[in-house]
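Chemist: Please take these sequences and the hints and turn them into a complete structure.
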Amino acid sequence: MERAVQILKQRTFNYKTEKSIFNIITGKKSHQTFFDACIQDTLPLYQSMPNLNSQTFLQLLQSSDNTSDSLPKLFGHTYMSMRDTFTTIQLLVQVVSQYISDNAKYLPITSNLNIQQKVKGLFKEMKEEETISQLEDELMTLFEVLESELEVPLLHYYLDGYDEHAYTRQQVSLITSLSLKEVWFHELIALHHLVKAISNQDTYPLLSRCVEKPTLLHQTFTTYQQLLKEPDVKIEDMAARKNVKPNTIEDHILELFIKGYLHDFRPYVPSEGYADLKAAFLKAPNQRLKYFKEAFPDWSYFQIKMAFVKVRKEVYDASRK
1 MERAVQILKQ RTFNYKTEKS IFNIITGKKS HQTFFDACIQ DTLPLYQSMP NLNSQTFLQL
61 LQSSDNTSDS LPKLFGHTYM SMRDTFTTIQ LLVQVVSQYI SDNAKYLPIT SNLNIQQKVK
121 GLFKEMKEEE TISQLEDELM TLFEVLESEL EVPLLHYYLD GYDEHAYTRQ QVSLITSLSL
181 KEVWFHELIA LHHLVKAISN QDTYPLLSRC VEKPTLLHQT FTTYQQLLKE PDVKIEDMAA
241 RKNVKPNTIE DHILELFIKG YLHDFRPYVP SEGYADLKAA FLKAPNQRLK YFKEAFPDWS
301 YFQIKMAFVK VRKEVYDASR K
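Take 1 as the starting number for the sequence shown in the UniProt record's numbering and just add one per residue.
No wet-lab data here; the hints were simulated from the structure.
Predicted, not measured: the structure shown is a model, and the values here were computed from it.
Beta carbons: idealized from backbone N, C-alpha and C, even for Gly.
No false leads were slipped in.
Below, a list of computed lysine-lysine pairs in the BS3-like style, where the Cα atoms sit at most 27 angstroms apart: (1) K310 with K283; (2) K181 with K19; (3) K290 with K9; (4) K310 with K9; (5) K29 with K118.
The calculated label-pair distances, taken between Cβ atoms and stated as ranges, are: (6) P285 with P108: 39 to 47 angstroms; (7) E144 with N286: 36 to 44 angstroms; (8) P285 with Y106: 43 to 51 angstroms; (9) R83 with A280: 29 to 37 angstroms.
Modeler: Here it is as structure tokens:
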């Protein structure tokens, strides 16, 4: 826990408050928190410690632990979406293992109905495509990659199948001689590497389908549904229909891009001047929005924020090549 807080602190811009760091790690449901986490490359730490109280947080924040930043940078993933992605893999492995062993009586490794429905659909597709045997090959490739990249690879301990049960965190702690807190931190690192790896659809055509997006806030989801029906609808028109201010819809659109539901930035980020704004942001990311607004007066605050999200996505995409 201490190490995760220290990494979050290292990535946080100088002008941000301790409260903003606390909001990210505990998972405050606000669009400002989503945006802060995205542009500071801390979204995968969002809601990683939802039960952390403010007093303990301050103690962790003020500790002298000089932790090196060992977490790969990701775009579009929160801690919970990474957990859900791995849980989807766990259930898929369990289902395939039991199917191959001709056993229909077993307790699913998760009670999450959304994940169960997703795996049910994926397993049906695999049978129709006759790609069930391919899963083992992809898993072998994945865990060989994790073995080579991680100091303590341990996600394999949590896989469950026929006549082979998943270990608990307590058991993994005993096996690895690590404390429970250290096991949790190494899980966090491993989840980062796992999600980044399986996002490559060419290498992992099956496992890449297990990737889960972060959950949307309810009102953002209704805006998303409207955009799917009317892709060209204007922000002002959506705001009028929902009886909200335009900047509320802008916040919804930012969330949709940050969490990977929308990908085409062109309607919201002008092409003219973008290269200059991108260069300015990468040169001085610690500056407040007002600094960039003064330097680029023709851009609205919404356009500037959207441009910063686009920059983070482009940097991440380039790192995967």
